[in-house]
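Undergrad: Put together the whole structure using the sequences plus the hints.
This is what each chain is made of:
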Amino acid sequence: MNNIRALPTATPPAPVLETRDLTIRFGGHTAVNTVSCAFSPGHLTAIVGPNGAGKTTYFNLMSGQLKANEGQVLLRGDDITTLSAPSRTRRGIGRAFQLTNLFPNLTVHENVRLAVQSRARVGLDIFTLWSRRRDLIDEADELLRSITLLDRRDALASALPHGDQRKLEVAILLALDPDVLMFDEPTAGMSVDEVPVILDLIHGIKARGDKTVLLVEHKMDVVRSLADRIVVLHNGYLVADGDPAEVMASPIVQDAYLGMGLADHV
Amino acid sequence: MLRALFSGDYPRSRVLMVLLVLVFVALLLAPFLFPGTRPLNVAAKICIFIVLVASYDLLLGYAGIVSFAHTMFYGIGGYGIGLALYGLGPSWGAIGVGFVLALALTAVLSALIGLFSLRVRAIFFAMITLAVASAFLILASQLSGFTGGEDGRSFRAPTVLQPGFRLFDGEIFGVAISGRIITYYLVFFAALALFLFLLRVVNSPFGRVLQAIRENDFRAEALGYRTVVYRTLANVLAALVATMAGALMAIWLRYTGPDTMLSFSIMIDILLMVVIGGMGTLYGAVIGVVILVLAQNYLQALMGGVSKALVGVPLLPDLLHPDRWVLWLGVLFVLSVYFFPTGIVGRLRQRR
Chain A
1 MNNIRALPTA TPPAPVLETR DLTIRFGGHT AVNTVSCAFS PGHLTAIVGP NGAGKTTYFN
61 LMSGQLKANE GQVLLRGDDI TTLSAPSRTR RGIGRAFQLT NLFPNLTVHE NVRLAVQSRA
121 RVGLDIFTLW SRRRDLIDEA DELLRSITLL DRRDALASAL PHGDQRKLEV AILLALDPDV
181 LMFDEPTAGM SVDEVPVILD LIHGIKARGD KTVLLVEHKM DVVRSLADRI VVLHNGYLVA
241 DGDPAEVMAS PIVQDAYLGM GLADHV
Chain B
267 MLRALFSGDY PRSRVLMVLL VLVFVALLLA PFLFPGTRPL NVAAKICIFI VLVASYDLLL
327 GYAGIVSFAH TMFYGIGGYG IGLALYGLGP SWGAIGVGFV LALALTAVLS ALIGLFSLRV
387 RAIFFAMITL AVASAFLILA SQLSGFTGGE DGRSFRAPTV LQPGFRLFDG EIFGVAISGR
447 IITYYLVFFA ALALFLFLLR VVNSPFGRVL QAIRENDFRA EALGYRTVVY RTLANVLAAL
507 VATMAGALMA IWLRYTGPDT MLSFSIMIDI LLMVVIGGMG TLYGAVIGVV ILVLAQNYLQ
567 ALMGGVSKAL VGVPLLPDLL HPDRWVLWLG VLFVLSVYFF PTGIVGRLRQ RR
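Chains as they are written, first to last, in the working numbering: chain A, 1 to 266; chain B, 267 to 618.
By construction, these hints were calculated from the structure, which means they are not laboratory data. Treat the hints loosely; a few may be bogus.
Restricting the straight-line Cα-Cα distance to at most 20 Å, the calculated cross-link-like pairs of lysine to any residue (SDA-like) are [said to hold, decoys possible]:
hint, chain 1, residue 1, chain 2, residue 2
1, A, Lys67, A, Asp241
2, A, Lys67, B, Arg492
3, B, Lys311, B, Arg520
4, A, Lys219, A, Asp179
5, B, Lys311, B, Ala459
6, A, Lys67, A, Thr34
7, A, Lys67, B, Val386
8, A, Lys67, A, Gly42
9, A, Lys67, A, Pro41
10, A, Lys67, B, Arg385
11, A, Lys67, A, Thr57
12, A, Lys67, B, Arg387
13, B, Lys311, B, Val332
14, A, Lys67, B, Val494
15, B, Lys311, B, Ser420
16, A, Lys67, B, Phe484
17, B, Lys311, B, Ile534
18, A, Lys67, B, Asp483
19, A, Lys219, A, Asp177
20, A, Lys67, A, Phe127
TA: Here it is, written out as structure tokens:
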């Protein structure tokens, strides 16, 4: 575990994704409040906090599903605060969703192939047959193999059991081959024996060293095994940020988590 | 070869395959199999409506967009050809000018409607198309100096397409090759080409994205697909094909007018045909059009015959009186939607 936790370089590389004083309000409620944080390649940052802390909202602000009221989102130094979700995806921010979000009446294979096709930028081609792009089809199959879903490739996505749908969600994200990968509770609702497949995949991505991985996760054992940095959100504020052991030991986190009964996991 | 022609999207049902081959052969040989003015009119209408309805299926069945402006684009094609031939005289040049102008107007209008209203909720787009189409219908009937108003415009086609024209002196299978038959084959092959083009579009990477957007537009955006662009492009493509269908109809009828080109009853027919045939299949357009056009043209006669044969039986002759044909068409529609919610093609494919 220690070698995973160790930072790959002494001086952190330039951040790929950065937020500055990011704020969004829903009515009178400020869901994310002046959050400034930067994320670098080769690192896996876990974003933790109690329910309603603003973790998923923070994700939505970075991947473009929500637009900030104040503050900025920077990608490789460029201000992308006003860009739409599809533009951000095309610039390399990939997102997997907490609530399974698939194309229910398309096949498992087509779900992944559409993501591969998006990355290949051929979506506006109206003359070529989709089935002539063997390369895209094979790549989708390869991804399905990596998450052990290849034998279900022709089933409808809606026909998969919950755990397999979560895997498919991850495969779609991988198919986009983004620079920044955002996982929102990737193992939620999965049975115990399914979890390692996902964790191995995420670990493999991190080990490549060129990807920036962000992870919202409740399960502390998952966080501990994967994260080399932890950011704690609480009531919309960033309250702690740093090395996992230190952050988890800090009084403010102990306080925040005691209320959730998670302290004994920390 | 076949795969390229059909874009790898085969009927996938033996019954459907047989039906499609029957329709194709009947339409291909219509001038020889069913000589006479009326059958040829019916055949030409079927060809043109297959294109019109299939293009609507691209919108409704594949992209999940509900539009009420499809007849407007159909009418733009009809009026483009009609007014050009009326104003410039019967020449191929006039057809070309009218065709290009109609396509240009359609492209601009459909792109504008799409960009303005497809980013918001679906119901809003439906309402906008309804409003624009109504305005267009009123314009066409009120600008009588230009469009001929309610009466529309009758015009002459280029010489080769005029009924009096003979390609040569002899006959083929007892049928003289008149300008009428040449026009029919112009319509037939143009319709065939347009249908195969649509089949290609829905099986292209673009068509696949449309289905993804229909299924889950939020997810499609997160994959990097700009849904507004795709929806707008689908709207423009469908509108352009509808315009071409309208142009064919004007050439066939040598007439253009609000009732035949723009009325909302055509829009309702299109909807019925798509739903009865099966949304999101394209082949459903063929089946839906054939059933409805045949019913519109022959159900009345059929009922008249049956009604006469049943004279003396209580109630039945009245129920089957030819004037009640719309009632029976309505019953047919309700039953088919109830028993085949995925349309006839969807049902046939399930059986396999």
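Undergrad: So, for every hint listed, does it hold in this structure?
TA: Status of each hint after checking the structure:
no.	hint	result
1	A:Lys67 / A:Asp241	violated, 24 Å
2	A:Lys67 / B:Arg492	holds, 16 Å
3	B:Lys311 / B:Arg520	holds, 13 Å
4	A:Lys219 / A:Asp179	violated, 25 Å
5	B:Lys311 / B:Ala459	holds, 16 Å
6	A:Lys67 / A:Thr34	holds, 14 Å
7	A:Lys67 / B:Val386	holds, 17 Å
8	A:Lys67 / A:Gly42	violated, 27 Å
9	A:Lys67 / A:Pro41	violated, 24 Å
10	A:Lys67 / B:Arg385	holds, 16 Å
11	A:Lys67 / A:Thr57	holds, 10 Å
12	A:Lys67 / B:Arg387	holds, 19 Å
13	B:Lys311 / B:Val332	violated, 24 Å
14	A:Lys67 / B:Val494	holds, 18 Å
15	B:Lys311 / B:Ser420	holds, 18 Å
16	A:Lys67 / B:Phe484	holds, 15 Å
17	B:Lys311 / B:Ile534	holds, 16 Å
18	A:Lys67 / B:Asp483	holds, 18 Å
19	A:Lys219 / A:Asp177	violated, 26 Å
20	A:Lys67 / A:Phe127	violated, 36 Å
Going down the numbered hints, you'll see the structure goes against 1, 4, 8, 9, 13, 19, 20, while the others check out.
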